[in-house]
Every structure is written in C-alpha cells, then in structure tokens.
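Q: Put chain B on the given structure of chain A with help from the hints.
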Amino acid sequence: MSKRINKDWLEETILPLVEKPIRYTGGELNSIVKDHEKCSVRFAYGFPDVYEVGMSHLGTQILYKVVNGAPDYCMERVFCPWVDMQEKMKEADIPLYTLESFTELSEFDFLGFTLQYEMSYTNILSMLDLAHIPFYREDRMGGDYPLVIGGGPCAFNPEPIADFFDLFLIGDAEETILELFALYAKSMEDGKDRVSFLKEACALPGIYVPGFYAASYSPKGAVEEFTPLIPEAPAKVEKSLLKDLETATFPDKPIVPYMDIIHDRIMLEVLRGCTHGCRFCQAGVLYRPVRERSQELLLKQAKDLMKSTGHEDISLTSLSTADHTQLSQLVDELQQTCLGTGVGLSLPSLRVDTFSMGMAKKIASVRKTGLTFAPEAGTQRMRDIINKGVREEDLMTVTEDAFRAGWERLKLYFMIGLPMEQDEDLEGIVHLGNKVIYLGKRVAAEIGSKRRISVTLSASGFVPKPFTPFQWIGQDPLEELQRKQWLIKDKVRTKNLVFNYHNAKVSHIEAAFARGDRRLSKVIVAAHEKGCRYDGWDEFFNYELWQEAFKECGLSSADFAQREFAEEDILPWDFIDTGVRKSYLYEEFMNAKDQALTPDCRDDGCTTCGICMDMDCEMMLQGEVPNEI
Amino acid sequence: MKYRMEFAKRDSVAFVSHLELMKVFSQAIRRAGLPIACTEGFNPRPKINFSSAIATGMTSLAECAEMELTLEVDADQIMERINETLPSGFSVGAIRQMEGKHKSLMALLSHSDYQVRVRLAETYGKAADLDEAVNSFLAQDSIVVLAKRKNKVKEKEIREGILSLEARAEGDFLYLTMQLVAGSNGNVRPEHVAQALMDYLSTPSLTMRIEKTMTYGLKDDEKTRLFLV
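Taken in order, these protein sequences are the chains called A and B. Here the first sequence is numbered in the working numbering, starting from 1131 and rising by one per residue. Here the second sequence is numbered in the working numbering, starting from 14 and rising by one per residue.
Extracted from the complex, chain B is given alone in its bound form:
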C-alpha cells in the first residue's frame, strides 16, 4: 500500500541533511508502529522515497515523500500517528493513499516556490526603483552563475529556469519570492538566483535564509501541487 505525504521541515531541523531525513522518517514510522515495507536482501531498508534532496539549512513547507506499508491503514490515522512521533520541527500536513502505477516523486517534481530573506550590509537605498531593477534583471537573455559541485566550480546558465521573481525591501533586508525549475529537468537553486540579483544590483549581502513554500509537478501539462499530481 503506497501513501504520499506532504510535510514541513521548520526551524533548526533545517540542518538535518537529506540522508538524515531518511532516518528521521523511518524511526518515526517505527515508533508509530506502522507496518513499513522493507527492501529485500541482506540489508533491508524501509521503503520511503523523497521528492528531492532538500539542501541542508533550508526550511520547507511542502516536501513530498512516499512510503509503502504492508497493510492498509486509514490515511488520517497514519497522519495522526506519525505526527505524534516525529521530532519537533517536522509535521505532516496532508497524506493520501496512492492507486495504481505512477512515476517516482523525483521524476514528477517540476517547479518549486521559494522565499528568500537576504540580510544586507546596509539598508537598500533605491527601494522605489526595486521592481524596475528586478524587471531589467529578468529581461537579460542570459544569467550565468558559478555553481559549486564537489570541488569544481562551473558556470551555469539559469535564466530559463527562473519563472518568476519579485523583490521587496524592508529595513536591512530584501525579501525575494521566486518560482524556479526544480527536479531532474534542470534544477535552479534559489541561493544562485538571489546571489545573481545581488550582484546585478551591486548590493553586498551578508547572509540569507531560504524557505521552500510549494512544490509542483505537471498534470496534463498543468502546473499542479506535487502532492496532488
């Protein structure tokens, strides 16, 4: 029996890495006494899959995961039991039983929304012209960022992967809202977009906090909340 859930990862557990996330969920499921299905072989692993490897340090309001149970359990009951046993910071907001065959969550994921709070070295001076500046940033044909992969730094073209971007200045902060391409078809990272914008605005930033607010997949070519795809 397959179940899909949508969960949030808030506060300090942002620093739980993707590998550790797997452990957090399998332990919570065992504590809840849910009959989780395991892989065969010498080293059986619980059957749980996640939509994406969420970056360490990022919070998220809409991660998706699927798990397989050996028995049918009422979805609401699963949600109640698992929310009781998950460590604080994690919560499952929705769950549904899946019928028939479908692509993996990883393959379904197409876009994500993010909110980024950029702490600036000083108050942003040209707040009134910010919208215009963002528009001209987006009007560029090409936006190239330096992406680190292991120990190599590579140039990466990200313009096509930015579907929308809005900015708002408030005190020493810039608040960015963006929708980016996500998943296996060219993932664009929100910190790259934020950094490219800061560079474009010639505004030095100190730190940023990033939250993923929604994940999407395509259903009949329509962008749809991943949980429902």
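Same shape as in the complex, but just chain A:
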C-alpha cells in the first residue's frame, strides 16, 4: 500500500547512468529495514548533502539507533542525490525515496532534516522538490504530507528556514525525539489532528513550532516583536539537554557503507561539550556542559564497534578530545586492544600543548599523517581578544616537538576577519608560519633529516554566529575579507609555506543565513529556482545567482551578514535558550574588547555562564583535571 520505487527497474535503467550508484542502493551492513505496517511512527531522516558526507556524521548514526531501537518506530535515511542523479530522477519522474525500503518520502509521518551547515539550505529544497512536497508549511496545510521537522546546530537559529518547517527540535535529540514520537503515536490513536499534536508538543523540552509564533520587523530589519500566538507555545524555548552521556544510547552497530566516505572509521564520542570559552565558537556554547564518558565504557564501546564494523581506524571524537581526564589511560588501553589487529587510533584535533603532542606521538606509532594545530589568530593581542589561551612559545614548543618526532608537514589553522582585527594581526599569521618553518629547518639539520619541511596556513573567513560573545557584531564586508586574504597571500614568500583560504563569498552568504531571520526563506526559494544547490561545494556555489535572489526579494546579503546589534536589541534567535545567559555572552563581548582572558571553568571554578544553575545540570568529569593544562 505504501508507494515504493521499483528497485530492479531503477538498478537496470537509471543507476548505470549515474556516478557512484552505490549512493542510492542502501542495503549496507547494519542497516535496518522494518515493516511499516507494524510501526506507529515512520520517520524519514534527510541529510541535505551527498551520501558520503551524511554517512560520516556521528549524530545520524546515534539517531538511527535511538529511533530504530524503539520497536514501534522506524527511521529510514535519505540523502541529497548528486546533481547527475537529480537530473535523471526528474527526467524519469522518480520521486525521492529512502534507502531502507525505497519508499517515497511523502508516505512518512515525519520528514526530518539535520541542519549541520547553512550552505545546505538549498539542498533541503532540492530534496522537497524531488519528493513532490511543497516548500512552505502554509502550502502543506490540509494536504496529506509528512510533518517536516529539523534539528542540529543550525536549528539554534532556525528563523531563515522557519517557514519551511512544522517543528524544530533544539539541542540533544536522543531523548526528546522518542518523547515526540510517543506523543504523536498517542495523538493519532486518540484521533486528534496534527494541530492539536503540535500544540501538545510545545510542552516537550527543546520543541519550537514556528507556526505558533509571529515575528515582525522594522523597515530597517530589526526584530520589533516576536510573540507566541497561542498559550501553549512558550515565550522561551529551552534547549533539550542530555544530562548523562554515560547512560545515553550509543550506536553499537553503526551502518557500514560500501562507499569510501569522508570519515570512514569508528567514531568514539569520548565527551560532549567544551568550556575553553573561545569567543568565536558557537559549539562551545551550544553543547555545554562538558559530559565525559568513562574510560571503561569507551573501551567496551570500542571493542563492540571493532567487532560490528571491521573498520581499520578508531577516531576519538569530540570538540576537544585532549581534555578528557582519562585520555592517557584510555589511549594505552585502546592500543593494547588494537595490538596485532591492524586497527589504528587517531585524534581529530590537537590542543597546542605538550600533553596533546605526547598523545599524538603515542598514537602515530602506526600511521604518521599530517598534524593540524589551531592557533586561530596571528598575534597575542588577537588571541586574547578571542580568548584562545595559546601563547606563541606554546606553539613553538609543540611544533619543535612534532618536527623532532619526525613530522614534516604541519597545518596551522586561522580565522581572518575577527573582531577588532588589524593588519598586524594578519601579518602575524605569516610571521608565525615563517617562525615554524625556520624551527623545522633547524631541527631537520640537527637530526640530519633531508626531508622537506612544509607548513600550510589555512584561513577561513570569520562568521559571527548566534549565541557567541561576537553575535552583536557584523561580519567584515566581503571586499575587506578579500583584501585581508590578499594581504596574507602577498606576504607569503617562502616555498615551504603554503597559504590556503576559503572562498570569502561563501563565508559572506553563510553569515547572512547564520545571522538571518524569517525574511530569508523567500531568498532561499528564489536561489533554488535559479539553480542554486550544493552551495557548500565550491564547484557549484554561484555568488551571482545568490545576489540576484537577494535582490529579487528586495533584500541585501550584506545587510544580514554585516548587521550590528545593540545590547538592548531583540536578536532573531533570542527566543531560544541555550542555558548560557545572554548577559554572560555580553560580558564576554566586553571582556574581548578589554583583551581580558576568561579561564576555563574546569580549572578555575565557575565563570557563571548560567548553564548549570539554570538547567539543573553539572559538568561530568570522570577523573581529576590535571594541574597544568
């Protein structure tokens, strides 16, 4: 009875004509196919990017386990088809389908999109279009369409896409999604309609139903009013918080793709959250407080995952893995476990300190890949403004250590366009790069190595994100970002030093959406109609089309990307409560102006960001915080 795609026919006629057809066949090891007739809630989970990107995302695997672990619910995956497949599907009038049962998306109770990146918004529309589902919530009223829901980091400012969605789930989804589905199943059983379900859903943690709120804007674009339209809708939507990672559901049998995906390895989530308090970092605010998993549990999870996946790498993932209080012991034990199996360990990011370097050395005994450090800014003044507690001598000590241990290729990651930035700060980036090269050459000479030292400076354009101390300031104008890139490029004069930078136009559009409000949904539709898609991919991003789309809607991307807010202004995302107080973020903004450092609350006690007090939770560390960080 549900509408399914004829798989044999698809495999014979369409798939031989497209690139990497294995993206569209499903059937991977550990994927789960359930009988829809026996499920009270059918959930299609959409990842608005290509298969190999989506399947690299840990959150997808977690949610898959959470939902499919419930006997009455099913979750099936759908990714954004690559452009060649999109064309074929349109030509042959094949609606978008899920990889588990090849069912059309319109047949599901819920269609969810994970919102990982602003530049994937047009892909959401491409997917709705291929599924024959109207974009705007208003246009779906009365029709028999799935409820369109969203979650993930960009759901913390859902306003630019609010008109497309019925409901957003803000914060950790592991527990709330099951409560939401239970409520839906009961509502349907009781014969209630969707509106009454949505009203009741407002009482659940982290649920935002945009249709129940009205936003009005001044002619200049400031939020004049943002108000709930019904009593059930809370004025503030508090994020959903998973308080204990130790007891949380964890994907012990993740799907193992046939394809080579971006992160083709075991992802062991060692902790969630980060309290270093870098003032540019949104994730550091959204995922507070810090919650560690114990060494015992992680070891068990690693063993289970080795057995269930057969992957050859284990990556210890989190926002800052070196922070885990039991990391050293954990790495030792994991190395024991991996001995003779050919399985290797990796750390995705390193802090600039000797402890992290020690870990890297320990781990690299099997495979010695490149090392990446993130000083983020080129001068001490700038690093103090952003509260990145890294000193130049730390970087020198650590890189020297890396060269001595045999690494020749290092990557240093920076941001440009940071608040209060001056040209000296940009010159400082090149200066640091040259110093590291010099150091590398000196070390190479000392240890008699003939191999070439190379340092890559990688710089991305800063995007002032909501819920950071820099949310009140605007992004640098596009021309200024480009000038800064050229300034650095011009100063890089050594062969061993490579400068990589991201397309500033992408950062500009990204900022417009990160800082945007409800007026932007029509811009996304206009851009989609002009052919914008896969905007996060350089080969498809088309800045001119985006400019046309903004213009047609009577708006300007610069107004959104560069807009400044005053302390008393209502921010478009103010109705969401991350647990970190707005007043704290503003204090941090002032501290940035004073170049005053704020310590990590792990080391020096509470900095009163508000999360533990207001959300009745606490930092969960498994061991002692070492004295020297």
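Keep in mind the hints are simulated off the structure, nothing from the lab. Be aware that one or more of the hints could be misleading.
In silico DSBU-like pairs for lysine-lysine, Cα to Cα no more than 35 Å straight-line [what the hints assert, rightly or not]:
| id | chain 1 | residue 1 | chain 2 | residue 2 |
| --- | --- | --- | --- | --- |
| 1 | A | K1133 | A | K1218 |
| 2 | B | K161 | A | K1218 |
| 3 | A | K1218 | B | K163 |
| 4 | A | K1492 | B | K60 |
| 5 | A | K1383 | B | K60 |
| 6 | A | K1137 | B | K139 |
| 7 | A | K1150 | B | K60 |
| 8 | A | K1437 | B | K161 |
| 9 | B | K163 | A | K1635 |
| 10 | A | K1150 | B | K116 |
| 11 | A | K1220 | B | K167 |
This one's a predicted model, so the numbers in the text were calculated from it and none came from an experiment.
A: For chain B alone, kept in the frame of chain A given last:
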C-alpha cells in the same frame, strides 16, 4: 598461509566498485576475527588480491580472490566465519588453502562466461532466424567496437576474443550466453559484444543486465575453473 576463494556478488552490491570490494572483504575478515596478513610500511594494507576488476553494475557468480593469513585456519571454518560477516549480496561458495608458489590470479585468468539480458525497445521480430543471424555475426572476419577509455574513444577488434555466443529471444528480451577472453591477455567486455550484435541485427536496445557466470584459467593448456587452477 594463502587461501583462494570463489565468491558471488549478487543484487544491489553489483554497484560496489572494485576499490570498494577490497574494503568490503577486509572489513568482513576483521569482523570475522581472522588473522589477516598485512603489507609492511607506513600504511599497512591487508593482503587480499582479486582475479579481475569487476565492472561496477555487473553481478558475478564466480569471482576469485586470494588472501594471506598469519596463522593456519581450517578452510571450512574460514568460509563459515566470513560468510557470517559479509554483507548481504556477497557469499563465498568455495575456499581452499594454496600450497607453494603460483602466478597471481590476475595473470591466471584467461576466459569468462557471461549471461546478458538485453531489454529491447520492442519484441524481436525474427526469433526463428535468430540462430542463423548469430552464426553469420560470428562468421565475420572482423568485429570492431568503440571502446571508451577514460575520455578517449578507440576502435577495438574483438572477433578473436569471442569464443562462443548464443542468443534466445523471449518477449521484449534477448538472452545472450557468451564465453569471452578475459584477463591481461586481451579482455573483451560482454557489453561490447552485446552492442555489436544488436547493431548487426539492427535492433535497438534499451538497457542490459550482465552477470558473469564462470571464470577460467589455463591448466596444462586446458581451460579450467579458475578456482581450481
């Protein structure tokens, strides 16, 4: 310890590419807990070799692969364990331990059998004369096809590489059974033979599905099932 296995690749996993195939097997072997030998060096790779790079989209009933283990394990046990951990669509049908030195599977492979199902735009009209038509197709001295290699199209002579070809019409389909030269000594692709025949018969085709049904090598100049060579 070297082991040779013969395996099938059916259904949707036809779209697993040759590079991905390597990953599928090494993961399955690790899940099975078999002591796979790895290459030395910075980036150790599991020692598994395949007889040929099977085309993406083709199913096969008789692919061959060899792997090296660091310990001796009973062949039947290996088969049982690996079949438990292989993803659906893949199955190992036979396995044996190899003694002494021998050429690589890639070098041993000489011929393959294929079955091709060609979907026609309309029912084939001259079914009664089909055998005769195929015979006269094969009676040609030369059959030239256009072979794509990367972005270049080149003419390729394939007549000598066709050892046998039979055709049967049924409804909108033509079923072809063929034996072709395979491996490093002049591989002929079944879709080229099918296309050349369609052109010869002036019959437009829509799509085709191809299955490899057997692979051979030469043993004392005798064509022998590759697994046993």
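Q: Looking back at the numbered hints, which does the structure fail to meet, lowest number first?
A: 8
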